[in-house]
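J.: What follows is each chain in one-letter form.
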Amino acid sequence: AQKVTQAQTEISVVEKEDVTLDCVYETRDTTYYLFWYKQPPSGELVFLIRRNSFDEQNEISGRYSWNFQKSTSSFNFTITASQVVDSAVYFCALSEAGSGGYQKVTFGTGTKLQVIP
Amino acid sequence: DTEVTQTPKHLVMGMTNKKSLKCEQHMGHRAMYWYKQKAKKPPELMFVYSYEKLSINESVPSRFSPECPNSSLLNLHLHALQPEDSALYLCASSQYRDRVEKLFFGSGTQLSVL
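Keeping their order, the protein sequence lines are chains P and W. Per my numbering, residue 1 is the first one in the first sequence, and the count goes up by one each step. Per my numbering, residue 1001 is the first one in the second sequence, and the count goes up by one each step.
Just chain W, same shape as in the assembly:
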């Protein structure tokens, strides 16, 4: 199983809503990542988790709150988002955080904030 699964695939939310994005992998990878990708732009790193602990927060606003309940799951909790937060949110994993190796990406959640 070499998949990273993300749900939902599409999400529309208002600025006062609270929603969560979910990411799951069963490859035994110990590093998991959240990326944000605006249209026609490259992915931008948001968070890095290593061994279920938050390693890196790339100065992301607090309205984005990551959570790693176990080694297979990664969530991104959303609250009071702004329209400019509309983007494709990609989850990725790699075997280890501190080695340079390929990333396995999910197909993303396309988020629209109204």
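Same shape as in the complex, but just chain P:
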């Protein structure tokens, strides 16, 4: 069974600080995909990144960066120079390829980030 753990329930930072959101996953498959989604107060989940299990390259997109380490089963997300608009709940998620013929995504419990001006 797959499992995603986001140990940080809530984080508060002051604007312009850097913040890292932790994600640890468990899976028995060798092929799997990891995601990060952002859920602002408006409700919709917004896709941020997808990473497959064979690609351990870290990625940077603007102020966002992701660190994928298979050795520790972690897929951490860092926001540099945080802004108030980054305030949201962030979900890490795991999906195994071909699981039952459909894409079943296992979400972590989410980390609520509050950026204080």
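Read the hints as simulated data drawn from the structure, not as lab findings. Be aware that a few hints might be false.
Restricting the straight-line Cα-Cα distance to at most 30 Å, the calculated cross-link-like pairs of lysine-lysine (DSBU-like) are [what the hints assert, rightly or not]: (1) W:Lys-1041 / P:Lys-104; (2) W:Lys-1041 / P:Lys-3; (3) W:Lys-1009 / W:Lys-1022; (4) W:Lys-1019 / P:Lys-104; (5) P:Lys-16 / W:Lys-1019; (6) W:Lys-1038 / P:Lys-104; (7) P:Lys-3 / W:Lys-1018; (8) W:Lys-1009 / P:Lys-16; (9) W:Lys-1040 / P:Lys-112; (10) P:Lys-104 / P:Lys-16; (11) P:Lys-112 / W:Lys-1041; (12) W:Lys-1009 / P:Lys-104; (13) W:Lys-1022 / P:Lys-38; (14) P:Lys-70 / W:Lys-1053; (15) W:Lys-1022 / W:Lys-1040; (16) P:Lys-3 / W:Lys-1102; (17) P:Lys-70 / W:Lys-1022; (18) W:Lys-1009 / W:Lys-1102; (19) P:Lys-38 / W:Lys-1102; (20) W:Lys-1102 / P:Lys-104; (21) P:Lys-3 / W:Lys-1019; (22) W:Lys-1040 / P:Lys-70; (23) W:Lys-1053 / P:Lys-112; (24) P:Lys-70 / W:Lys-1019; (25) W:Lys-1053 / P:Lys-104; (26) W:Lys-1019 / W:Lys-1041; (27) W:Lys-1041 / P:Lys-38; (28) P:Lys-16 / W:Lys-1022; (29) P:Lys-112 / W:Lys-1038; (30) W:Lys-1009 / P:Lys-112; (31) W:Lys-1022 / P:Lys-112; (32) P:Lys-70 / W:Lys-1009; (33) P:Lys-112 / W:Lys-1018; (34) W:Lys-1041 / W:Lys-1053; (35) W:Lys-1053 / P:Lys-16; (36) W:Lys-1009 / P:Lys-38.
For chain P, the structure is supplied; the task is to place chain W on it using the hints.
T.: Structure of chain W alone, referenced to chain P:
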């Protein structure tokens, strides 16, 4: 157009009412999903439709009845709900059901059952 539109945004209903939630996407996606999200919890999968056919029902009670009239529309019919069914109901779509790809979510319907 990369939007998933859900209506209504808010819904209050009694336990004897019948109501419907609507979801629409015009991205040509062939897989559509209903998720239920309780407060401070992650989304939980309810149903998956692929090519307008129900593929997955995650043991959802029969008081929730999904319908996919065409490739762009997904409905969720509600009848005789319980107060514990109060939650945010999210619709999502992806290009295909059987590939692992990003999901596009609507902003949800916040449902309150009295």
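J.: Is P:Lys-70 close enough to W:Lys-1019, meaning Cα to Cα at most 30 Å?
T.: Measuring from Cα to Cα gives roughly 46 Å; hence the hint is violated.
J.: Run the distance test for W:Lys-1041 versus W:Lys-1053: straight-line Cα separation, threshold 30 Å.
T.: Roughly 28 Å between the alpha carbons, so the hint for W:Lys-1041 and W:Lys-1053 holds.
J.: Keeping to a limit of 30 Å between CA atoms, is the pair of W:Lys-1009 and W:Lys-1022 held or broken?
T.: 10 Å, holds
J.: Given the hint that W:Lys-1009 pairs with P:Lys-16, does the C-alpha gap stay at or below 30 Å?
T.: Judged against 30 Å, a Cα distance of about 33 Å means the pair is violated.
J.: Does W:Lys-1053 pair with P:Lys-112 here, judged by a C-alpha cut-off of 30 Å?
T.: 36 Å, violated
J.: Mind checking the alpha carbons of W:Lys-1102 and P:Lys-104 for me, to see if they're no more than 30 Å apart?
T.: Satisfied, since the Cα-Cα distance of roughly 11 Å is no more than 30 Å.
J.: Given the proposed pairing of P:Lys-3 with W:Lys-1018, does the C-alpha separation stay at or below 30 Å?
T.: 36 Å, violated
J.: With the threshold set at 30 Å, check whether the alpha-carbon distance from P:Lys-112 to W:Lys-1041 stays at or below it.
T.: It holds: about 11 Å lies between the C-alpha atoms, which stays within 30 Å.
J.: Given the hint that W:Lys-1041 pairs with P:Lys-38, test it: the Cα-Cα distance must not exceed 30 Å.
T.: 14 Å, holds
J.: Would the hint linking P:Lys-104 and P:Lys-16 be met if the CA-CA limit is 30 Å?
T.: Given pair P:Lys-104, P:Lys-16 is violated - Cα atoms ~36 Å apart, limit 30 Å.
J.: Verify the proposed pairing of W:Lys-1019 with W:Lys-1041, using a straight-line Cα cut of 30 Å.
T.: 24 Å, holds
J.: Between the alpha carbons of W:Lys-1022 and W:Lys-1040, is the straight-line distance 30 Å or under?
T.: 24 Å, holds
Hint check: violations occur at hints 5, 7, 8, 10, 14, 17, 21, 23, 24, 28, 32, 33 and 35; the rest are consistent with the structure.
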